[in-house]
Each structure stands twice: as C-alpha cells, then as structure tokens.
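Undergrad: Given next are the chains, with one letter for each unit.
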Amino acid sequence: QKEVEQDPGPLSVPEGAIVSLNCTYSNSAFQYFMWYRQYSRKGPELLMYTYSSGNKEDGRFTAQVDKSSKYISLFIRDSQPSDSATYLCAMSRSLAGNKLTFGGGTRVLVKP
Amino acid sequence: GAVVSQHPSRVICKSGTSVKIECRSLDFQATTMFWYRQFPKKSLMLMATSNEGSKATYEQGVEKDKFLINHASLTLSTLTVTSAHPEDSSFYICSARYSNYEQYFGPGTRLTVT
Numbered sequence: 001q002k003e004v005e006q007d008p009g010p011l012s013v014p015e016g017a018i019v020s021l022n023c024t025y026s027n028s029a030f031q032y033f034m035w036y037r038q039y040s041r042k043g044p045e046l047l048m049y050t051y052s053s054g055n056k057e058d059g060r061f062t063a064q065v066d067k068s069s070k071y072i073s074l075f076i077r078d079s080q081p082s083d084s085a086t087y088l089c090a091m092s093r094s095l096a097g098n099k100l101t102f103g104g105g106t107r108v109l110v111k112p
Numbered sequence: 113g114a115v116v117s118q119h120p121s122r123v124i125c126k127s128g129t130s131v132k133i134e135c136r137s138l139d140f141q142a143t144t145m146f147w148y149r150q151f152p153k154k155s156l157m158l159m160a161t162s163n164e165g166s167k168a169t170y171e172q173g174v175e176k177d178k179f180l181i182n183h184a185s186l187t188l189s190t191l192t193v194t195s196a197h198p199e200d201s202s203f204y205i206c207s208a209r210y211s212n213y214e215q216y217f218g219p220g221t222r223l224t225v226t
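As you go down the protein sequences, you meet chains A and B in turn.
Going by my numbering, the first residue of the first sequence is number 1, and it counts up by one from there.
Going by my numbering, the first residue of the second sequence is number 113, and it counts up by one from there.
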C-alpha cells in the first residue's frame with residue numbers, strides 16, 4: 001500500500017463548477033499537508049499549506065484536513081479552464097528537513 | 113513566489129555518457145535542495161536531499177555513485193547522472209527550501225538516454 005493515495009482521474013468538469021480533490025494517507029505521523037499544481041512538463045507550484053486538522057481558505061481554494069480519518073481535500077470554486085492541470089497532494093512528518101511524500105496526482109480538465 | 117531554475121530543460125545523451133543538471137535558486141539562498149524523479153503520469157519520487165557544504169542524503173534504493181549530487185553554494189546544486197542508461201530516462205525536478213514549510217520547484221529537466 002502506498003503511503004499517500006490519490007485518484008489519478010482525469011476529472012472533467014464544466015467551467016464554473018466546483019472541483020473536489022482528495023487524498024488519503026496511512027501514516028499518522030504526517031503533520032503538514034500541501035497541495036501543488038503542476039502544468040504539463042513544468043515543476044509543481046505550491047497552492048496551499050495546512051498544519052494538522054482544520055480548514056484553510058485562500059481565494060477560490062479551500063483545503064481541509066481530517067487527521068482522524070487520514071483524509072485531506074482541496075476544493076476549487078468557480079473553476080476556470082486555466083485550472084486544468086495535475087494536482088498533487090504532499091505531506092511531511094515535520095518541518096525539519098521538509099521531506100515531502102507526494103500522492104500520485106489527479107489530472108483535472110475544466111471545459112469552457 | 114521565489115524562483116528556481118534548472119538547466120538544461122531538455123537533454124538527449126548516448127548510453128554510457130554522463131549528464132549534469134544544474135538547479136539554481138535565483139532570488140534566495142537555499143541551504144537545502146531536493147532532487148526528484150518523475151515518470152510519465154506518475155508522482156514525484158524523492159531521490160536525495162542536498163545540503164550546502166555537506167554530503168547529500170539519498171533515499172533508499174537510489175544509487176549514490178550513479179546520481180552524484182554536489183551542493184557547492186547556497187544557490188546551486190548539481191545532479192550528475194553517471195554512465196547513463198535508457199532506464200535513467202525521466203523527468204528530473206529539483207526544489208529549494210525557502211522557509212520552514214515552503215519549497216519552490218524548478219521547471220524540470222527531461223533526460224532522454226538513447
């Protein structure tokens with residue numbers, strides 16, 4: 001079993017819809033949770049960062065962490081075609097060293 | 113956000129040769145950089161952690177004699193793939209630690225070994 005599981009998609013939604021992404025993980029030691037966006041043939045770009053359980057909102061993006069269920073989510077409101085990309089969740093046990101464990105990524109396609 | 117560059121962006125080499133990939137943090141100093149490998153439609157796999165002025169820490173299963181890492185300054189880390197073989201063909205991405213929780217990634221280097 002992988003440490004971090006993420007549905008590969010593709011997830012296709014119409015423009016303006018809410019995109020719902022999630023990851024599950026097995027290691028309860030993970031404390032820090034991130035979401036990255038990766039366009040084709042580019043490096044990942046940090047979108048959201050969350051520590052422990054709770055919600056965090058930044059513009060159209062909302063990240064949720066439920067440590068009791070080992071489940072994290074990212075919601076994108078009012079999706080745009082420019083949101084079409086692969087979204088990767090990542091997590092780490094501690095800040096020291098910053099070693100990240102990534103999910104496999106979910107490919108999202110927002111259709112105009 | 114902070115900028116990390118990689119050079120070259122794409123390289124084709126013959127089997128048995130060595131290839132060097134550079135990772136630079138352009139507007140900040142990074143004591144720690146990371147090297148990842150990504151296969152098509154797959155996630156990033158951490159290869160090694162590069163610390164300025166000290167030896168890199170390799171992940172389990174990564175051959176340190178094959179993937180040589182040098183972090184000679186606070187803005188530059190290099191990955192050298194020695195005696196490259198076709199199975200080394202992949203997308204190599206570096207990241208630089210900017211703060212306690214932020215890493216900024218380079219645009220990646222696509223290596224093709226023929």
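Do not take every clue at face value.
Pair ranges (Cβ atoms, derived) [unchecked claim]: (1) 197/B <-> 54/A: 30 to 38 Å; (2) 53/A <-> 172/B: 25 to 33 Å; (3) 58/A <-> 157/B: 21 to 29 Å; (4) 140/B <-> 58/A: 50 to 58 Å; (5) 182/B <-> 80/A: 26 to 34 Å; (6) 62/A <-> 121/B: 42 to 50 Å; (7) 53/A <-> 126/B: 49 to 57 Å; (8) 26/A <-> 167/B: 41 to 49 Å; (9) 57/A <-> 176/B: 26 to 34 Å; (10) 212/B <-> 27/A: 32 to 40 Å; (11) 125/B <-> 29/A: 18 to 26 Å.
Result set (DSS-like, lysine-lysine): computed pairs, CA atoms no more than 27 Å apart in a straight line [unchecked claim]: (12) 67/A <-> 176/B; (13) 176/B <-> 2/A; (14) 99/A <-> 67/A; (15) 99/A <-> 42/A; (16) 167/B <-> 111/A; (17) 153/B <-> 178/B; (18) 126/B <-> 2/A; (19) 70/A <-> 111/A; (20) 56/A <-> 2/A; (21) 178/B <-> 42/A; (22) 132/B <-> 176/B; (23) 67/A <-> 132/B; (24) 99/A <-> 126/B; (25) 154/B <-> 132/B; (26) 154/B <-> 126/B; (27) 99/A <-> 111/A; (28) 176/B <-> 42/A; (29) 167/B <-> 70/A; (30) 178/B <-> 2/A; (31) 2/A <-> 154/B; (32) 132/B <-> 111/A; (33) 2/A <-> 153/B; (34) 111/A <-> 126/B; (35) 99/A <-> 154/B; (36) 178/B <-> 99/A; (37) 132/B <-> 153/B; (38) 42/A <-> 2/A; (39) 154/B <-> 67/A; (40) 176/B <-> 126/B.
It is worth saying that the hints were derived from the structure and are not from the lab.
Remember, predicted model here, so these are calculated numbers, not experimental data.
Note that the Cβ used here is the ideal one computed from N, Cα and C, for glycine as well.
Undergrad: Between residue 182/B and residue 80/A, is the Cβ distance one that fits in 26 to 34 Å?
TA: For residue 182/B and residue 80/A the Cβ distance comes to about 41 Å; the hint is violated.
Undergrad: If you draw a straight line from the CA of residue 2/A to the CA of residue 154/B, is it 27 Å or shorter?
TA: With Cα atoms ~13 Å apart, residue 2/A and residue 154/B stay inside 27 Å; holds.
Undergrad: Given the hint that residue 99/A pairs with residue 67/A, test it: the Cα-Cα distance must not exceed 27 Å.
TA: holds, 19 Å
Undergrad: So if I understand the rule, the pair passes when the alpha-carbon distance is 27 Å or less; does residue 178/B with residue 2/A pass?
TA: holds, 26 Å
Undergrad: Between residue 99/A and residue 42/A, is the straight-line Cα distance small enough, at 27 Å or below?
TA: holds, 20 Å
Undergrad: Evaluate the given range 42 to 50 Å for the C-beta pair formed by residue 62/A and residue 121/B.
TA: violated, 34 Å
Undergrad: When you take the CB atoms of residue 53/A and residue 126/B, is the distance between them in 49 to 57 Å?
TA: About 51 Å separates the Cβ atoms of residue 53/A and residue 126/B, which means 49 to 57 Å holds.
Undergrad: Mind checking the alpha carbons of residue 56/A and residue 2/A for me, to see if they're no more than 27 Å apart?
TA: holds, 26 Å
Undergrad: Are the Cα atoms of residue 176/B and residue 126/B separated by 27 Å or less?
TA: Roughly 21 Å separates the two Cα atoms, so the pair holds.
Undergrad: Next pair to validate is residue 2/A with residue 153/B; report whether the Cα-Cα distance is within 27 Å.
TA: holds, 16 Å
Undergrad: Within 27 Å, alpha carbon to alpha carbon, are residue 153/B and residue 178/B?
TA: holds, 24 Å
Undergrad: Just to be careful, I want the Cα atoms of residue 154/B and residue 132/B compared with a cutoff of 27 Å; is the pair within it?
TA: holds, 23 Å
Taken one by one, the earlier hints fail for this structure at numbers 1, 4, 5, 6, 8, 9, 10, 11, 12, 16, 18, 19, 23, 24, 27, 29, 32, 34, listed in ascending order.
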